[in-house]
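Remember, our numbering sits 42 above the position in the sequence shown when you count from 1.
Honestly, the hints are just simulated from the structure, not real lab data.
Everything numeric in this text was worked out from a predicted model, so none of it was measured.
The hints are all genuine.
Calculated cross-link-like contacts (lysine-lysine; reagent style BS3-like; alpha-carbon spacing at most 27 Å): (1) K458 with K511; (2) K511 with K464; (3) K398 with K303; (4) K398 with K301; (5) K303 with K279; (6) K464 with K403.
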Amino acid sequence: MTYKATISHSRTWLLVLFVTWLLSPELLLAQRVTISGTVHDRATGELLIGATVSDPTDRYGAITNQYGFFSVTVPSQIDTLEFSYVGYATFQLAALNAQPSPIDIRLSPQRGLDEVVIKGKRETAGQFILPVSRIKSIPALLGEVDVLKALSLTPGVMTGGEGTAGLYVRGGTPDQNLILLDEAPVYNVMHLGGFFSVFNPNTLKSVSLYKGPFPARYGGRLSSVIDLTMKDGNKKKMAGQVGIGLLSQNLTIEGPIIKDKASFIVSGRISTLGVTRLIRPRKSKTGFGDFPSYGFYDLNAKFNYQLSATDQFYVSLYQGDDDFRVNEWSNNDGQRDETSVGIRWGNTTATARYSKILSDKLFARAVLIYSRYNSGFNTDYSQYDSDEDRTDEYYSHTDSRVRDYGFKLQFDHFPKSFLSLKYGADVTVHTFSPFRLQTNYELAGGVPPVANIVGTQVDGFVESSTTFKRFRADVGLRGSLYRVQNSTFVYPEPRLGLNWNGPRNWSVKAGYSVMNQYVLLLTNNGLGLSFDAWVPSTSKVPPANAQQWSLGLYKEFPKPASTSP
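From just these sequences and the hints, can you work out the full model?
Following this line, the structure appears as structure tokens:
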């Protein structure tokens with residue numbers, strides 16, 4: 043009995059010591075103050091993502107989230123906070139105890155041009171946050187600045203070949219990348235058969251790349267997550283930009299609807315090659331010929347309205363389309379035959395978001411999402427007599443679609459100075475329509491109808507970020523349920539990221555992630571371009587699973603001092 047009592051007593055002391063160690067920063071700093079607010083661009087009013095908030099000694103700090111919000115708890119004796127962001131002048135805020143909550147911080151862009159360095163904020167292994175201003179500084183291929191090309195310059199990321207936009211991240215395939223535009227998934231990211239991506243850099247504010255360990259709030263793909271955020275629009279004054287390039291022309295307009303409260307941005311991009319459709323060759327009375335044509339366009343729009351100091355509403359839209367076709371004709375003794383073969387693909391996304399600062403330590407957002415991808419392969423044949431009357435016609439149109447409706451509810455919580463939490467849930471309904479055929483060819487038994495396949499995905503997650511001086515731990519758990527055709531798949535997805543910052547700018551980073559993917563991409567590379575069809579995982583082809591381990595040793599070398607000649 044004495045032995046058992048000793049064990050129980052020892053466990054009690056161990057528990058007390060553990061709780062004391064966990065709460066030691068709070069006990070040592072009993073008098074604390076919480077500062078929260080948002081960080082903006084002073085010139086345009088844009089919210090800044092990934093801005094750093096810290097005290098002058100760098101012992102306490104925070105980073106603004108996707109909505110520019112921060113919350114930091116510091117000792118009451120600290121009277122100054124420092125705000126910094128890539129390409130902006132550092133700002134120091136004094137007299138913290140006298141500041142109202144939430145605080146509105148405005149940073150001024152720096153003047154001058156730095157050397158081009160592809161470097162992003164890296165909190166854990168495999169995570170990069172790249173401001174678009176840096177991406178635009180990269181030498182462009184044929185005058186086209188491309189976001190995905192910039193990401194291919196980071197370690198572990200490559201393209202399939204010169205002039206292609208699909209990314210292969212650590213051995214994964216392009217369909218294993220989760221690509222989000224204002225939180226809506228984009229299923230095809232390529233223009234011109236992969237020459238560059240569909241993302242117009244004039245409309246983007248920030249690009250985040252996660253190669254692992256993945257935050258628990260992301261799921262549904264195996265290889266990587268690319269999260270792109272569009273600009274909110276200039277809240278101060280009207281502004282515009284015109285671009286004329288070898289491959290495309292673009293126009294961007296942004297400005298306030300209500301100064302300092304509501305703004306918009308609208309941007310359109312159209313291919314230069316599309317002009318060739320207006321120049322059709324003359325068809326001779328005898329002989330034959332062909333006429334290939336290609337065109338694409340993008341349209342981005344975003345509107346936002348600041349309802350109050352704590353409430354914000356956003357609407358984002360994207361529409362893009364590619365159309366490639368080859369037309370052939372032949373004239374023989376007054377009879378003309380025409381054949382057209384083409385591929386068309388395009389994306390449509392829409393996002394409505396409402397964010398609210400519930401308290402100095404709690405931030406919430408609700409998101410409605412719509413995404414649609416369509417890919418089609420068409421062949422048409424027509425025959426005309428000498429009077430230009432159509433005498434015969436045959437066609438075959440194959441179409442593949444996927445459509446998503448989703449809802450997200452997420453919270454950012456900052457309960458302690460050394461602890462931050464993110465938790466939430468989301469529901470997505472996928473509707474797949476693969477290989478729908480319309481034709482007037484005589485087929486045995488006719489064309490069988492293709493029924494839509496509906497898959498429902500429900501996810502919940504919680505992730506924490508704990509920081510003690512040189513050590514940081516990101517721990518998360520995502521629970522995922524997917525149901526399709528009377529089959530249900532349930533998977534737990536643990537996530538772990540560890541970061542230790544050693545002396546002399548050395549650091550060690552490690553991570554572990556479990557990911558599951560419920561959609562599959564089928565590709566037919568006809569005509570040198572791809573006809574894509576997304577299909578769901580089923581009981582016959584179950585979801586794909588992946589476990590990723592990572593371990594890295596990093597050294598940041600100081601910038602060499604410039605020497606005068």
